[in-house]
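Participant: Letter by letter, the chains look like this.
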Amino acid sequence: MDQLTLAQTSLNIVVGIAIKVLMGMLTLLTLIAVRQTSLMDKVVTVPVGNWFKIVAWGFFFVSLILTIGIILVV
Amino acid sequence: MPGVFNDDGMVGAVKKLVDEGFQKSVWCSLTAMPTGVGFEAQNDDEEVILFLRSHPATNLHWIALILILFFIPFFWIEFPLLSNISSLVRLALTVFWYMGLAFFAFEQLLVWFYNVYIVTNTRVIDVDFYGLLYKNVKTAQISRIEDVSYAQRGLFSSFLNYGNVTVETASEQRADNNAEGSGAFVFEAVTNPNEVVKVISELIEREDDKHGIKR
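Protein chains in written order, with my numbering: chain U, 10 to 83; chain B, 269 to 483.
Because the hints were derived from the structure by calculation, they are not lab data.
It is possible that part of the hints are untrue.
Here are the simulated DSSO-like pairs of lysine-lysine, each with C-alpha atoms no more than 27 angstroms apart in a straight line [as the list claims (entries may be wrong)]: (1) U:Lys62 with B:Lys406; (2) B:Lys283 with B:Lys466; (3) B:Lys466 with B:Lys478; (4) B:Lys478 with B:Lys283; (5) B:Lys478 with B:Lys284; (6) B:Lys406 with U:Lys51; (7) B:Lys406 with B:Lys478; (8) B:Lys466 with B:Lys406; (9) B:Lys403 with U:Lys51; (10) B:Lys284 with B:Lys466; (11) U:Lys62 with B:Lys403; (12) U:Lys29 with U:Lys62.
Since the structure is predicted, the reported quantities are computational estimates derived from the model, not experimental observations.
Take the sequences, apply the hints, and build the full model.
Facilitator: Here it is, written out as structure tokens:
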């Protein structure tokens, strides 16, 4: 019984760390997407280009907040 | 109405597209005489005649994939390993899953939206973005275009009227007669490929007339 609880705790820690690392990487990717969106808009100018930039920034901030939340809580 | 309609060599095929309503929005896969559209290194006297991207149907594969992946967290509990982790960790995993999915969808949308083909009164431009980190922009003067053709393959492309338009320039023809293999301009899966070919052909004719070239 104790061994099962220990295994579950270890699994929680391992999965928890993996999720934190993956969320960090996702946040980094969203930052790259922000940069890339503005570069794309520079190459091809379209009326909705700014909308994409706003979405990319929004995505980055949401991802950042969630990553911080997960790092602190999990 | 922009200059392309005013001078002697009026591009009738463009006018037809405009009349048919292909001027509505930059979200469409084929826009004739779009407003507010430009590109890097655009000359002052250069006007965008056609603004093209792949047909929306080409996105179906990743949309279907996202729809399938969307429902996987509903069955977390069925996975033996995941059923043993705490609900807090499972919630974090679910958050990561949906964030990753949303990012994938956004990235695919961006790549589809900005992978465009532009036909101006003087050039054709092929803008390719592969993922988020690589871009390839090719341009060719209308006067250097040797041949333009299109191909529709498969049930979907025939049914939805989209296909690949191949634009061969002089240098590419010398390099290799197999245009698609040599990296010629291939406008992939564009809507109304026959109309696109007509527009480019008329522009070539106009350019030839201007310079007194006989083919």
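Participant: If a hint holds in the structure, say so; if it doesn't, say that too.
Facilitator: Now the hints, each set against the structure:
Distance check on the hinted pair: lysine 62 (chain U) and lysine 406 (chain B) sit about 25 angstroms apart at the alpha-carbon level, within 27 angstroms; holds. For the suggested pair lysine 283 (chain B) and lysine 466 (chain B), the alpha carbons sit about 12 angstroms apart, so the restraint of at most 27 angstroms is met. For the proposed pair lysine 466 (chain B) and lysine 478 (chain B), the alpha carbon gap of about 18 angstroms is at most 27 angstroms, so the pair holds. In summary, the hint linking lysine 478 (chain B) to lysine 283 (chain B) is supported, as the alpha carbons are separated by about 20 angstroms, within the 27 angstroms threshold.
A distance of roughly 23 angstroms separates the Cα atoms of lysine 478 (chain B) and lysine 284 (chain B); the hinted pair therefore holds under the 27 angstroms criterion. This hinted pair checks out: lysine 406 (chain B) and lysine 51 (chain U) have alpha carbons roughly 16 angstroms apart, not beyond 27 angstroms. Distance check on the hinted pair: lysine 406 (chain B) and lysine 478 (chain B) sit about 24 angstroms apart at the alpha-carbon level, within 27 angstroms; holds. The hinted pair formed by lysine 466 (chain B) and lysine 406 (chain B) meets the criterion: a straight-line CA distance of about 21 angstroms does not exceed 27 angstroms.
For a cut-off of 27 angstroms, the pair hint linking lysine 403 (chain B) to lysine 51 (chain U) stands: about 12 angstroms separates their Cα positions. For the suggested pair lysine 284 (chain B) and lysine 466 (chain B), the alpha carbons sit about 11 angstroms apart, so the restraint of at most 27 angstroms is met. A hinted pair counts as satisfied when its Cα atoms are at most 27 angstroms apart, and lysine 62 (chain U) with lysine 403 (chain B) qualifies at roughly 18 angstroms. Between lysine 29 (chain U) and lysine 62 (chain U) the CA atoms are separated by roughly 26 angstroms; this keeps the pair inside 27 angstroms, and the hint holds.
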